[in-house]
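Just so you know, the sequences run in chain order L and E.
Here the first sequence stands for residues 1 to 268, numbered as in this note's numbering.
Here the second sequence stands for residues 1001 to 1254, numbered as in this note's numbering.
These aren't lab readings, by the way, just hints derived from the structure by calculation.
Yeah, the Cβ is synthetic: ideal placement off N, Cα and C, and Gly gets one too.
Incorrect hints may have been included.
Claimed, not checked - Cβ-to-Cβ under 10 Å is the rule here; a few derived chain E residues that face chain L: (1) Ser1074; (2) Ala1075; (3) Asp1134; (4) Pro1135; (5) Lys1138; (6) Ala1143; (7) Glu1144; (8) Val1146; (9) Leu1161; (10) Leu1168; (11) Glu1169; (12) Ala1174; (13) Thr1177; (14) Lys1178; (15) Gln1211.
Unchecked claim - Take a look, some chain E residues computed to stay more than 12 Å from chain L by CB distance: (16) Ser1073; (17) Gln1078; (18) Lys1095; (19) Pro1123; (20) Asp1171; (21) Ala1228; (22) Lys1248.
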Amino acid sequence: MRGRRERVQGRLPLVLLLPALLGLAFLLVPLAGLLAQAPWATLPSRLFSADVGQALRLSLLCASAATVICLLLGVPLAWLLARAELPGRGLIRALVTVPLVLPPVVGGVALLLVLGRRGLIGERLDLWFGFSLPFTTAAVIVAEAFVAMPFLVISVEGALRAADPRYEEAAATLGAGRWLTFRRVTLPSIAPGIVAGAVLCWARALGEFGATITFAGNLPGRTTTMPLAVYLALETDPDVAVVLSVVLLAVSVVVLACLRERWISGLR
Amino acid sequence: MFRRTVAVALAAVAASTLVSCGDDTPAASGTTSLSGTVNVFAAASLTGTFTRLGKDFEAAHPGVKVVFNFAGSSALAQQINQGAPADVFASAAPKNMDQVTGKGTATTFAKNKLEIAVPKGNPGKVTGLKDFADPNRKIALCAEQVPCGAAAKKVFEAAHLTPQPDSLEQDVKAALTKVTLGEVDAALVYKTDVLAAKDKIEGIDFPEATQAINDYPIATLTDAKNPATAKAFVDYVLSPEAKTVLTKAGFETP
């Protein structure tokens, strides 16, 4: 295995290598700029302020909860798109990706129009149960899930289409029901796709700003996630904003690296 | 028609140079030899009025083009300090102006004060500032980091009230959106914002607003590419004609 990989790398053509390195630099140089600007001397004292801890905890909690929701709803949706005989499937698939192109702030307004206090569904919730979703932590999770779900759906659908359907057919001929086949054959075969999708989804949710601040507002301890704290810090003290961004970056890199190490390599 | 506009504009410019205690020679801004593009960086709350003023200024000076960049004052200050090509800066807060020019070089051209904004019909039955301390009402305020939030903090201190906000918005327009959509019972926004959205919301004046009058300074920038036209535009904004436009939008003028 290892020998084959090295041989492939040795033959990497310059035509690919050059743009690849350029691409890598394009992605990393702005981050390096951020790190170079960070006020390292005062970083520890700023890091351990209560506000930062609170925002970070809320960010991690909401991004994780949003990812769980996306998994519960997104994997079945991806299965539907990839496997079921649906009329107008192309259109549905295009619609699923709409939150990707929608400016997040518009997404937030759309959520308000449906789930807000005067919204189509939100008005009923308020009337019948006295419950209003905006300005709550739950609203942060809803906003993040709305924006992040397409990443998961697209990734899982891709995995499903790439998976060999003959295994599922074989399971069916051996007498397994559709649910059993899905659980024992389909899911394991697309697990790497699900993990990759979940990772993308989590990362997108963690950095979510526009939909969150529009739909959930901004109140420390309840709805102020790290990106919101960064944005507001930028208004007064760009140094603090840089510190917060570095913290968010560091935490996400650590989490993603650990996940990849444990899950993806374990699956190969 | 055209000739009259020029005459009015010239008179206005001449008058303003006299009013603003002309530290420069009045002739410099009164000449018609202005040309080129002037880049104006202006606070988001000036979008309506400055677009109008820019059109009038262009009409008065053929060959001159006014290009605007509207955004939050602190973002604009940052852009200018990072080298963005600006000739004129009109800020919604003296603090952001000082970040760019150093203290005391700008002129105040407008003042804005806070007003309570409620959805049409006032469903939360808000009557005054004291209702902002009621935890059962949904309240949006601007975050303290942005000018409207700093002003709100001042009025609450003056009124000895502790507000119970449900959200601290990132700018005044976001706070206004929450009112327009009926998501909150009340928000503190600027009087100009209430006027601009008056078919969707209602405004309630309150006495403590005088405790936090927001000054809008304007200045030409030292590394302006087009200093003569930049200065003429600033003089125009300080003119009586421009004052009428600003007052109509809800600003107070000095």
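Output the numbers, in ascending order, of every earlier hint that fails for this structure.
-> 3, 4, 9, 15, 16, 17, 18, 19 and 20
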